[in-house]
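Trainee: Sequence:
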Amino acid sequence: MSIEIRGLYAILDWPHRHGLEAEDVAEALIEGGATLLQLRAKQASPSERAGLLDRLAPICARRSVPLFINDDLELALARGGTPGFVGVHLGQSDLGSLDPDNRQRLRDLGLLLGISTHTPAQVEAAITDFQPDYIGFGPVFPTASKEGADPVVGLEQLRSIFHEPGTGRIPVVAIGGIDVARAASVAATGVAAMAAIAALVAPTREDTIEQTRALAQAFVDGTGPAGPT
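When the sequence shown is numbered by my numbering, its final residue is 229 and no position is left out of the sequence of numbers.
Don't read these hints as lab results, they were simulated from the structure.
Fair warning: there could be bad hints in the mix.
[To be verified] Simulated restraints, written as ranges between beta carbons of each label pair:
id, residue 1, residue 2, range
1, 169, 100, 19 to 25 Å
2, 54, 160, 36 to 42 Å
3, 64, 148, 22 to 28 Å
4, 54, 159, 35 to 41 Å
5, 92, 169, 20 to 26 Å
6, 42, 207, 21 to 27 Å
7, 169, 91, 41 to 47 Å
8, 131, 206, 37 to 43 Å
9, 110, 165, 23 to 29 Å
10, 217, 58, 26 to 32 Å
11, 125, 220, 27 to 33 Å
12, 1, 91, 21 to 27 Å
[Stated by the list, open to error] Cross-link-like lysine to aspartate or glutamate pairs, in silico, EDC-like; alpha carbons within 20 Å at most:
id, residue 1, residue 2
13, 42, 210
14, 42, 4
15, 42, 54
16, 146, 164
17, 42, 74
18, 146, 94
19, 42, 147
20, 42, 23
21, 146, 179
22, 146, 54
23, 42, 71
Just so it is clear, CB atoms sit at the ideal spot from N, CA and C, and this is done for glycine as well.
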């Protein structure tokens, strides 16, 4: 599977607010145009989270959409080499577990690493200390998807991080409060991808496809040839 951090990075938050099955949601997100998928199951037990990943990985492998796990380094290391599963996304509070040995284990398994950042200083530290394959930056707008969310960074600060050392070679993924109305302005900053949670939650499979398609298209519409300025 060719892995490119670009486009709509859909985060499948579990359990689903409307009770849809994880497989149905994943299929709908991909059908709607998600180019990357992340499983976020903070309320699940380790065994439940592993089971969810095992159910979603074959779908992602079949559809050639890379699957990441959120905030579970141990599970990522245990599932390295699973078709469809490509890496782990860690928040700032999880970086303590990412010692040099575990970072090397990720590399040896061919797994990608994404890191959440919320300030220019965190961006610089993430790149210097961990050499991630991409960085997430946000929240760009107010969000209710994460309890105790960090302060909103806004579009201007999102644009400004492209001037931080190292960001020219590492994809930046915008996250936080992004919906169809805001997607084009986010894309215009030059980010490689944008992540979304709440904007993709819908009561039916068909509605999920429709909402995902609209958000993916809005990002494409806002992507210009000039790149970040």
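Trainee: Within 36 to 42 Å or not, the Cβ separation of residue 54 and residue 160?
Mentor: Given a distance of about 40 Å, which is inside 36 to 42 Å, the answer is holds.
Trainee: Does the beta carbon distance between residue 92 and residue 169 stay inside 20 to 26 Å, or does it fall outside?
Mentor: The hinted range 20 to 26 Å holds for residue 92 and residue 169, with Cβ atoms some 22 Å apart.
Trainee: Could one say that the CB atoms of residue 54 and residue 159 fall in the range 35 to 41 Å?
Mentor: Holds - the Cβ-Cβ distance for residue 54 and residue 159, about 39 Å, lies within 35 to 41 Å.
Trainee: Note whether the CB distance of residue 64 and residue 148 lies within 22 to 28 Å or breaks it.
Mentor: violated, 35 Å
Trainee: Does the hinted range 23 to 29 Å hold for residue 110 and residue 165 at CB?
Mentor: At roughly 26 Å between Cβ atoms, residue 165 and residue 110 fall inside 23 to 29 Å, so the hint holds.
Trainee: Against the range 21 to 27 Å, how does the distance between the Cβ atoms of residue 42 and residue 207 compare: consistent or not?
Mentor: Distance hint for residue 42, residue 207 holds at roughly 24 Å.
Trainee: Has the hinted range 19 to 25 Å been met by the Cβ atoms of residue 169 and residue 100?
Mentor: The hinted range 19 to 25 Å holds for residue 169 and residue 100, with Cβ atoms some 21 Å apart.
Trainee: Regarding residue 125 and residue 220, is the given constraint of 27 to 33 Å on their beta-carbon distance met?
Mentor: Holds - the Cβ-Cβ distance for residue 125 and residue 220, about 32 Å, lies within 27 to 33 Å.
Trainee: For residue 42 and residue 71, compute the direct alpha-carbon distance and say whether it is at most 20 Å.
Mentor: Measuring from Cα to Cα gives roughly 8 Å; hence the hint holds.
Trainee: Can you confirm whether the C-alpha distance between residue 42 and residue 4 stays at or below 20 Å?
Mentor: violated, 26 Å
Trainee: Residue 42 and residue 74: Cα distance at most 20 Å?
Mentor: holds, 14 Å
Trainee: Take the C-alpha atoms of residue 146 and residue 164, compute the straight-line distance between them, and say whether it is at most 20 Å.
Mentor: violated, 26 Å
Checked against the numbered hints given earlier, this structure breaks hints 3, 7, 13, 14, 16 and 22; the rest are met.
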